[in-house]
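Chemist: Here is what each chain is made of, one letter per residue.
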Amino acid sequence: MNAAEFETIVVETDLLILGGGMAACGAAFEAAHWAAKNNMKVTLVDKAAMERSGAVAMGLSAINLYLGLKDGNNTVEDYVTYVKNDLMGIARQDLVANIARHVDSSVHLFEKWGLPIWKDDDGKYVKEGRWQIMIHGEAYKNIVSEAAKTALRELGDNGEYFERVFITEPIMEGGRCVGAAGFSVREKKFYIFKAKAVLDTMGGAVHIFRPRSVGEGLGRSWYPPFNSGASAYFTLKSGAEMTCQEVRFVPVRFKDSYGPVGAWFLLFKSKATNAKGEEYMVTRAGELDKWAPYGQTKPTPTNLRNLLMLKEVEEGNGPIYMHTEDAIRELLVDIPDEKEARRKLKELESEAWEDFLDMTISQALNWASHNIMPEETPSEIAATEPYFISSHSGASGAWVSGPEDLAPSDYFFGYGNMTTVNGLFAAGDASGASSHKFSSGSFTEGRISGKAAIAFCVDNPDMPVISDERIAELKEMTFKPLEIFDEHKDYSNDPDVNPNFIKPRMFMFRLQKIMDEYAGGASVGFRTSKALLEKGLEFLNLMKEDSSKLAASDANELMRCWENVHRMWQAESHIRTIMFREETRWPGYYSRTDFPEMKADWEVFANCKWDPETGEWEMIKREVVDL
Amino acid sequence: MFVLVTNYLINMPSFVINEKCDGCKAQDKTACQYICPNDLMVLDKETNKAYNQAVDMCWECYSCVKICPNQAIEVRGYADFMPLGAVVQPLRSTDTIMWSVRFRNKQVKRFKFPIRTIPEGTLESNGGFSEGNADLKSQNLRTEPDSLGTDLFTK
Chain A
1 MNAAEFETIV
11 VETDLLILGG
21 GMAACGAAFE
31 AAHWAAKNNM
41 KVTLVDKAAM
51 ERSGAVAMGL
61 SAINLYLGLK
71 DGNNTVEDYV
81 TYVKNDLMGI
91 ARQDLVANIA
101 RHVDSSVHLF
111 EKWGLPIWKD
121 DDGKYVKEGR
131 WQIMIHGEAY
141 KNIVSEAAKT
151 ALRELGDNGE
161 YFERVFITEP
171 IMEGGRCVGA
181 AGFSVREKKF
191 YIFKAKAVLD
201 TMGGAVHIFR
211 PRSVGEGLGR
221 SWYPPFNSGA
231 SAYFTLKSGA
241 EMTCQEVRFV
251 PVRFKDSYGP
261 VGAWFLLFKS
271 KATNAKGEEY
281 MVTRAGELDK
291 WAPYGQTKPT
301 PTNLRNLLML
311 KEVEEGNGPI
321 YMHTEDAIRE
331 LLVDIPDEKE
341 ARRKLKELES
351 EAWEDFLDMT
361 ISQALNWASH
371 NIMPEETPSE
381 IAATEPYFIS
391 SHSGASGAWV
401 SGPEDLAPSD
411 YFFGYGNMTT
421 VNGLFAAGDA
431 SGASSHKFSS
441 GSFTEGRISG
451 KAAIAFCVDN
461 PDMPVISDER
471 IAELKEMTFK
481 PLEIFDEHKD
491 YSNDPDVNPN
501 FIKPRMFMFR
511 LQKIMDEYAG
521 GASVGFRTSK
531 ALLEKGLEFL
541 NLMKEDSSKL
551 AASDANELMR
561 CWENVHRMWQ
571 AESHIRTIMF
581 REETRWPGYY
591 SRTDFPEMKA
601 DWEVFANCKW
611 DPETGEWEMI
621 KREVVDL
Chain B
1001 MFVLVTNYLI
1011 NMPSFVINEK
1021 CDGCKAQDKT
1031 ACQYICPNDL
1041 MVLDKETNKA
1051 YNQAVDMCWE
1061 CYSCVKICPN
1071 QAIEVRGYAD
1081 FMPLGAVVQP
1091 LRSTDTIMWS
1101 VRFRNKQVKR
1111 FKFPIRTIPE
1121 GTLESNGGFS
1131 EGNADLKSQN
1141 LRTEPDSLGT
1151 DLFTK
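For the protein sequence lines, the chains are A and B, in the order given.
Here the working numbering is used: the first residue of the first sequence is 1, the next is one more, and so on.
Here the working numbering is used: the first residue of the second sequence is 1001, the next is one more, and so on.
Just so you know, the hints here were simulated from the structure itself, not pulled from any lab data.
Here the structure is a predicted model, which means the values were calculated and not measured.
Mixed in with the good hints, there may be bad ones.
[To be verified] Selected chain A positions facing chain B (in silico; Cβ < 7 angstroms):
{"id": "1", "residue": "H33"}
{"id": "2", "residue": "A49"}
{"id": "3", "residue": "A139"}
{"id": "4", "residue": "A364"}
[Claimed, not checked] Between beta-carbon pairs, the in silico distance windows are:
{"id": "5", "chain 1": "A", "residue 1": "T8", "chain 2": "B", "residue 2": "K1029", "range": "36 to 44 angstroms"}
{"id": "6", "chain 1": "A", "residue 1": "K530", "chain 2": "B", "residue 2": "D1080", "range": "34 to 42 angstroms"}
{"id": "7", "chain 1": "A", "residue 1": "K339", "chain 2": "B", "residue 2": "L1091", "range": "27 to 35 angstroms"}
{"id": "8", "chain 1": "A", "residue 1": "D337", "chain 2": "B", "residue 2": "T1047", "range": "54 to 62 angstroms"}
{"id": "9", "chain 1": "A", "residue 1": "K290", "chain 2": "B", "residue 2": "T1117", "range": "45 to 53 angstroms"}
{"id": "10", "chain 1": "A", "residue 1": "W617", "chain 2": "B", "residue 2": "T1117", "range": "49 to 57 angstroms"}
{"id": "11", "chain 1": "A", "residue 1": "W617", "chain 2": "B", "residue 2": "D1022", "range": "29 to 37 angstroms"}
C-beta atoms are modelled at their ideal positions from N, C-alpha and C, and glycine is treated no differently.
All chains, please: the whole structure from these sequences, using the hints.
Modeler: Here it is in structure tokens:
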């Protein structure tokens, strides 16, 4: 297989949406409406099939962001305060507020589109926690993608989507992002998408750090293995400023299968203890004072809850247990009638299993394979490996403009959710410092960006030009791994072992080993230092050189090559930003052993930027402005 | 990694039952190939059976299991941390999903949950809300304020 076999197809559009997950679907739904009014074309490109693509592919058991503004349940200000505290002061409050003020609208749309939301006897949504509502969400993504496809179809010839097309590279022209290059993993087609505005919604990044399971369980990452850093790569390579690239997320989940803990902690009021039965959130509460003022806020920030648990593990007090059996007993204690108690137990059992079956089926399989009945046996919980996911309790992504009416002047540059690169927008896991948006907020941020990007197209009506030379260059670059394999494959008797190239699988393992051992992965207790990071960067630079020798024997492996190039860039920006921030601010995510404390003068955004002209990295501090 | 031969007989975590898989006869691609979010399912043209080409990249999301028209795909839990013997198998209809959970000790539990409240293919993109009359430069999004149920928050 080689580049010449791939037909070049140039697609012209007004708004190009890259990705097919929640943010992309929100963007398609919203942009279609504004495109119809302004005679614009919208094109969406997904690496998979939209009905099961992205982080919600498997479904979800809860929507983690719903304010209930119409019923006066919460205020936008409350939510902003919660997010700011959870991220130890580092949040773009204008972005968080913007998502929060629109998100209920998205949830109400989901319900109308057919998503079953749990209701109480008064017809109100059943709350899991203050911001979370329970859903029967097995088909959540099917439903939301159906709405996005319907909206695009309603645009007629001006709405289209491509599936199984993998985006490799941004296309720049005079400092403006004017499109993207990619290829089909199904047909021999090379795509050049030419657009007036480009929206990056290609998800977060997994498999950058070595996972705890490295056999078959390698694929059982908490966040999906197909989210491979495409978003960060795209904005970095465009020269966009990035923010919070150090703010990884390390979730604590049911051990090994990484089933959700939210329903157990919030809905069932379950407690976690060490092996001695000590509730570490109580016995170690004193530790939180060290992280004031955020250590004292309620709820305790996610990373600090991790920290207290990690200390137990460090001191050999594991296993750590989620006491599901105690939680269920407590919930039944006030029901004296035996028949009623049995009925309630049945209901709780069903809710507990649905929580896994809706979103982490593997955890149900794990319970069944260990003969675990949650009403009888506690289950182990553990910290996973680090992920890059700004829609949850991490924050890494592009530095984007806030909304005109809420953003401080330094945070506003022309169009909501536009990056520092003209014409390039970012949403969902692609935009940074607006944590806790989750599925509903990512969809909402997609809507905000989709509308703003259409406004950009109206204001910049000329179709950009991409030269034939540039197209030829991009094509050569995209298919180089196929050429390398073709050229050298007959030299050795093993398609994977050859001194002339490296296959993407081992390339990924090499990256994971560097990141785990030098950049504070799970195997070193999430600890690192300047000396370790410098060593890691040295090895990463060698990897970068070797990336020109990545080899692929088919289209699937070609995609794996590119996924790992994308991961490598996410990794580099992570190392550089951790090194830049000389303090420890999120100790349950990572700690700097050479700077073990939080410092007031580091209550700022640590941003970074790669210059496409010079190839140099620039590190930037940006002020945190309170709304 | 060893050279990949068509070893669908032993491929897991999601695996294909030879007897039941008919390669989605006469279709241009199999249902599992169409749906897998990680592009793992492949059709072996010689045997006309599908297989999972990289089992350790499988998220166990069950998208292939749910979509298979012949119920030819099951999941055997990751062997590096799950003891043998358990099966979790769905049966998905148009509006509900029924799960059978068989434990290692042979106990079986069944659960049934709704998956959607209106039939697939019938949704209205605006959800029946008023599209609103905001302009392109305003902060209101499509269907707001109707879909919000209240006025949009501003400073």
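Chemist: Against this structure, judge whether each hint is valid.
Modeler: For each hint, the structure was consulted:
Below 7 angstroms, beta-carbon pairs count as interface contacts, and H33(A) has one with chain B at about 4 angstroms; its hint therefore holds. Annotation: A49(A) was flagged as interfacial toward chain B, and the flag holds, the nearest CB pair being 5 angstroms apart, inside 7 angstroms. With a cut of 7 angstroms, the hint placing A139(A) at the interface with chain B holds, because the nearest CB-to-CB distance is about 4 angstroms. Evaluation of the A364(A) hint against chain B yields a held restraint, the C-beta minimum of about 5 angstroms falling below 7 angstroms.
A beta carbon spacing of about 23 angstroms between T8(A) and K1029(B) contradicts the range 36 to 44 angstroms that was offered as a hint. The given range of 34 to 42 angstroms is respected by K530(A) and D1080(B), whose C-beta atoms sit roughly 35 angstroms from each other. Checking the proposed 27 to 35 angstroms range against K339(A) and L1091(B) shows it holds: the Cβ atoms sit about 30 angstroms from each other. Checked against the hint of 54 to 62 angstroms, the pair D337(A) and T1047(B) passes, with Cβ atoms roughly 59 angstroms apart.
Between K290(A) and T1117(B) the beta carbon distance is about 49 angstroms. The supplied range of 45 to 53 angstroms therefore holds. Taking the beta carbon of each, W617(A) and T1117(B) are about 50 angstroms apart, inside 49 to 57 angstroms as hinted. For the hinted restraint 29 to 37 angstroms between W617(A) and D1022(B), the CB-CB distance of approximately 54 angstroms leaves it violated.
The structure does not agree with the numbered hints 5 and 11 stated previously, though it agrees with the rest.
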